[in-house]
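Asker: We have chain A already, so just place chain B on it with the hints.
Taken in order, these protein sequences are the chains called A and B.
With my numbering, letter number 268 in the first sequence gets 268, and the count goes up by one each step, no holes.
With my numbering, letter number 297 in the second sequence gets 297, and the count goes up by one each step, no holes.
It is worth saying that the hints were derived from the structure and are not from the lab.
On a predicted model such as this, the values are computed, not experimentally measured, just so you know.
Some hints could be false.
Straight-line C-alpha distance at most 30 Å; calculated DSS-like pairs for lysine-lysine [to be verified]:
hint, chain 1, residue 1, chain 2, residue 2
1, A, Lys360, B, Lys202
2, A, Lys360, A, Lys385
3, B, Lys202, A, Lys202
A short list of chain B residues far from chain A (calculated; beta carbon distances all over 12 Å) [what the hints assert, rightly or not]:
hint, residue
4, Arg130
5, Pro154
6, Phe188
7, Asp189
8, Pro254
9, Thr315
10, Ala340
11, His464
Some chain A residues flagged as far from chain B (calculated, every beta-carbon gap over 10 Å) [claimed, not checked]:
hint, residue
12, Glu43
13, Gln66
14, Ala139
15, Ser149
16, Tyr160
17, Glu208
18, Asp296
19, Arg305
20, Lys318
The beta carbon of each residue, even a glycine, is placed where N, CA and C say it ideally should be.
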Amino acid sequence: MTAPVTASRAAATEQPATLLAGPHRADTARLLQSVLDTAGPYEAVAAARRLSGGPLGHALADVAAQRMLHEPSGRRVPFQELGSRVLTPLSRKYDLDPAHAEALRFALRCRFFYPGIVGTPDAPFALKPELPDGYQPIATPEQIAAAQSKAGPDGLNTSYMISQMKGGMSADFGIGCPLMCAYCYRREGATVDGYLGSWEPKGFLTAEEVIQRLLAHPWFTPHVTPIGLHMSTSEAFLPRLWPRTWEALQRLDALGLTNRVSCITKHTLTDEQIGQLESLVNVDLDVNVCYAAMPDAVEPANKQRRADFLRRVLASDKLNVLAYYRPIAEGVNTTDEHMRHVWQTFKEAGARTVVLGGLKFADDHARSFMSYGLPLPQGTFTPGKKLLTAATEQRSLTAPAPATASPGPSPHSPTPTRRSTPSTWPPAGSPSPPGPPTPVCCTASSAPCSRHPPSATRPVTRSPRWPPPAALPAPR
Amino acid sequence: MFDTAATDAVARHRHAQASAALDARREQAIAEIASRAGGLTLAASLWLDELRAAVTTPEQAEEALATARAAGRLLDSGGAPDVPWPAARARWRQVTAAARSETAHSGAWDRAWDQAAGTPDGSAWDPAQRGLAAGYALMTAHVLRRYGNAGTPPPDRCWATEPDGRTLVQVVADHLTGHLGHSPLAHFDDKLLIDFARGLAKNNRDKVPGELQVRGLVAAVKAARSKTWLLGKPLRTSVGIVVPVRGEARRITPPDAQNPDGLDALAVKVAQLAWLLEAWPDAHAEILVVDEDPDGASANAARRFAAGHPQVTVTIARRHEETSAKGGAVLWGLAQLVGAGHPVVAYADLDLTYPLDQLGLLLAALDQPGAGAAIGSRRRADSHGYYPPGGPNPAARLYQRAVTELLGLPVSDPQAGFKAFTASALRAALPKVTDHGLSFDTGLLAAVAAAGHAVTETGVAALHLYTDGHPGTPRDYDAMLRAVCEQAVRHGRDPVERDTPVWDKIQAAGLAGAARSLPAGVAIGSPPS
Numbered sequence: 001m002t003a004p005v006t007a008s009r010a011a012a013t014e015q016p017a018t019l020l021a022g023p024h025r026a027d028t029a030r031l032l033q034s035v036l037d038t039a040g041p042y043e044a045v046a047a048a049r050r051l052s053g054g055p056l057g058h059a060l061a062d063v064a065a066q067r068m069l070h071e072p073s074g075r076r077v078p079f080q081e082l083g084s085r086v087l088t089p090l091s092r093k094y095d096l097d098p099a100h101a102e103a104l105r106f107a108l109r110c111r112f113f114y115p116g117i118v119g120t121p122d123a124p125f126a127l128k129p130e131l132p133d134g135y136q137p138i139a140t141p142e143q144i145a146a147a148q149s150k151a152g153p154d155g156l157n158t159s160y161m162i163s164q165m166k167g168g169m170s171a172d173f174g175i176g177c178p179l180m181c182a183y184c185y186r187r188e189g190a191t192v193d194g195y196l197g198s199w200e201p202k203g204f205l206t207a208e209e210v211i212q213r214l215l216a217h218p219w220f221t222p223h224v225t226p227i228g229l230h231m232s233t234s235e236a237f238l239p240r241l242w243p244r245t246w247e248a249l250q251r252l253d254a255l256g257l258t259n260r261v262s263c264i265t266k267h268t269l270t271d272e273q274i275g276q277l278e279s280l281v282n283v284d285l286d287v288n289v290c291y292a293a294m295p296d297a298v299e300p301a302n303k304q305r306r307a308d309f310l311r312r313v314l315a316s317d318k319l320n321v322l323a324y325y326r327p328i329a330e331g332v333n334t335t336d337e338h339m340r341h342v343w344q345t346f347k348e349a350g351a352r353t354v355v356l357g358g359l360k361f362a363d364d365h366a367r368s369f370m371s372y373g374l375p376l377p378q379g380t381f382t383p384g385k386k387l388l389t390a391a392t393e394q395r396s397l398t399a400p401a402p403a404t405a406s407p408g409p410s411p412h413s414p415t416p417t418r419r420s421t422p423s424t425w426p427p428a429g430s431p432s433p434p435g436p437p438t439p440v441c442c443t444a445s446s447a448p449c450s451r452h453p454p455s456a457t458r459p460v461t462r463s464p465r466w467p468p469p470a471a472l473p474a475p476r
Numbered sequence: 001m002f003d004t005a006a007t008d009a010v011a012r013h014r015h016a017q018a019s020a021a022l023d024a025r026r027e028q029a030i031a032e033i034a035s036r037a038g039g040l041t042l043a044a045s046l047w048l049d050e051l052r053a054a055v056t057t058p059e060q061a062e063e064a065l066a067t068a069r070a071a072g073r074l075l076d077s078g079g080a081p082d083v084p085w086p087a088a089r090a091r092w093r094q095v096t097a098a099a100r101s102e103t104a105h106s107g108a109w110d111r112a113w114d115q116a117a118g119t120p121d122g123s124a125w126d127p128a129q130r131g132l133a134a135g136y137a138l139m140t141a142h143v144l145r146r147y148g149n150a151g152t153p154p155p156d157r158c159w160a161t162e163p164d165g166r167t168l169v170q171v172v173a174d175h176l177t178g179h180l181g182h183s184p185l186a187h188f189d190d191k192l193l194i195d196f197a198r199g200l201a202k203n204n205r206d207k208v209p210g211e212l213q214v215r216g217l218v219a220a221v222k223a224a225r226s227k228t229w230l231l232g233k234p235l236r237t238s239v240g241i242v243v244p245v246r247g248e249a250r251r252i253t254p255p256d257a258q259n260p261d262g263l264d265a266l267a268v269k270v271a272q273l274a275w276l277l278e279a280w281p282d283a284h285a286e287i288l289v290v291d292e293d294p295d296g297a298s299a300n301a302a303r304r305f306a307a308g309h310p311q312v313t314v315t316i317a318r319r320h321e322e323t324s325a326k327g328g329a330v331l332w333g334l335a336q337l338v339g340a341g342h343p344v345v346a347y348a349d350l351d352l353t354y355p356l357d358q359l360g361l362l363l364a365a366l367d368q369p370g371a372g373a374a375i376g377s378r379r380r381a382d383s384h385g386y387y388p389p390g391g392p393n394p395a396a397r398l399y400q401r402a403v404t405e406l407l408g409l410p411v412s413d414p415q416a417g418f419k420a421f422t423a424s425a426l427r428a429a430l431p432k433v434t435d436h437g438l439s440f441d442t443g444l445l446a447a448v449a450a451a452g453h454a455v456t457e458t459g460v461a462a463l464h465l466y467t468d469g470h471p472g473t474p475r476d477y478d479a480m481l482r483a484v485c486e487q488a489v490r491h492g493r494d495p496v497e498r499d500t501p502v503w504d505k506i507q508a509a510g511l512a513g514a515a516r517s518l519p520a521g522v523a524i525g526s527p528p529s
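Chain A with its partners taken away, still in its complex shape (with noise of 0.2 Å):
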């Protein structure tokens, strides 16, 4: 397993002492990162303090007093969250200029650890421009770049298995699931992309090496991209897989990394396996339970298990949860009843926040679906998008309430917003919201989800070392 890479101890030692910008900016951060510990950033913080003074040094003291980089939980506050929750309030409080809240902003980054080829505390999202002595990628990127432009027109990578994907990446062990949606576009047999899968997972990559990949990959930036595990070929709580999830969700905890993490599952997890999740620190976990009332026949998969499950994982209060209210398929999952009773369901299990997503569907799926003898989704489909149409999405949001049940959502109290910007999501471990689930839409267009933030918008330099900007793909 790769070292975490940083600076030089050795070097730190003789720096300047001031975390303002400048041309010693590389050294400070070496200094402030020698001291970096994967049990705690507040030494690193109490270093940062000695080299500053006046309103920045109280902000720091504040960081360091209040532990204002760990939510009460215990989990670490993450990267992407430094500037919402951390940041601005400080600014704000100590009235620091610019040069002083981006010293303040420089400090924070330095209590990160930047394993792979990607970011620096004062680069974050650049490419390094020298890798650490004795790392050594498992690919370089240019056969990381080569693989993908072989990708298919959803960008999967069979080759590499790290893809990039609509709104991170999709970081995929092997392919093969036997759950047997009918609407899954891995599923047996030979796809629209000339794709062949199995049911059965099998020749999966053990973590250790998906994680080397991840981390040798140009596009992958350390607490930024967001990853999706087996999000595109597997499921990652199959009792199979779980083993390789886990281990490789440690790894990712041990580096320290706090990207945002996904798992999107049909499947369930025991509470033991839940309590393991609890316990991770850094990385900031979602797991993500689909519900959607689809007949058994288009989806096999226990729905009253995974009911159960969604309401033994909601209960936690270290886990990020999300109520996956997909796929609506239009005439298949479309009635009032199931409309209903999948609100109940999510009432009942207690989820907060609830995401809408629709369908894709192509030709392929409706012969699978024919040969299924399942009835075919209705609506106009676009291929590589979802359809959900605004008539039955607002539909869902104001399905009539149950005789016997309280309501499900207001038809007046929701507003659909997407949750593509992380200071939007209540930490884990806040008190749930009064009144009934807050639905967030994944729907059909070329909007993104909350799994889907636009990761390609971000700036990205690059180091001469590395091959010029053109020599790469562009990430889809």
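Answerer: This is chain B only, laid out in the frame that chain A set:
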């Protein structure tokens, strides 16, 4: 010049206006006809297409529009539109035939259609799937009502011999051609429709003996596609069908206590053909029964039980030939029917394995450019019903591969008992066929191919009771292959002079021995597309 241009422009404008009015009226006209035809819409839509295509002037367009407006009243009165276009008048005869068809008007179908709006899970069937769901429900209910859950009734008895079952196949097939404007046939190929029927049975967990409801639904799908093709080809034509018989009096006789295995086979064939020819009111068919048994018992039974129909003539002949084993009777019958002037001639076994209401599938295959022969194959991906899920036994598969190799015939099912030919192909081929035994099929196909005609195949739904694991009908494949080898020599394809690994292997081990080493998953040779 300006005056001429202006006149043309005005004419075009009026024509476009009149045609637009006809187009605008189209849905209403179809609905009015459908309301009088049990919901059937294909013939109506073809009639309106013909009207639309026939008009060339604004006046004609207005006449066509007036005719479309009067369609409902014409059907009620039994009249015919007084239009000057023969093709449109022929189409109208199809409309009236469809409206008068007994199988079009079915209260059971109407109820099934209503109930098939959605699934028990609350999902809605796509309109193109709904007819299949309705048909499936009807057939499941019929089988369970008729037979309960016990035993495995033969599918030919259930869906052909017994009038209720046969009528139900035709009711469903008629409505699959187009009910209220919806048909699955235009959207899905038969392979997919067969899979869909199986999927329905699996999802519904219906315990129906022998999956008879699936067999019936697939037979209806095939019959519907057969009739759809005929509806689209309004020809004043005729077709001849040879039915060879030998010692089959009991099959020709209706079932009763003394003859429980009776099939009423000839009457059923006439009924199946008559249903199909509703789509061709101006067409005629001739069934030629050729009894090659010296005792003539089959011919006598045929005379007794042959049913009559205005569009179907049954002719019964006796022809004894010492050396014939089916081949002599078929080849003689084919020659007779070609001589009688039929442009297309087919042959079918007497048993009800191959429903004659699927004859349109063969005619459609023959309609391809260059085609001289069409095989109703039991072995294609879009075939159904003859073989158990594992397919034919290894000996049968090896025989097919050897035939392909020896005769250069890339067909999946050379021995199928349901084939059709163009008269021109038969005129060229028949004089060259000398094999009157069980291998006459391959000799005839090879002669057709040698005469420069293409041999095509189409998948059929066979009504056949197979037993999983049972080796099937015992045949002397080794003797048949020796005959095929002789045919190859006659056609200049002497295996001694060519690379024939399959044939060599069979010669070395005998067919049964070679078949034992055949890999279980071996694929049937792909037919030409």
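Asker: If you check each hint against the structure, which ones fail?
Answerer: Hints 4, 6, 7, 18 contradicted; others consistent.
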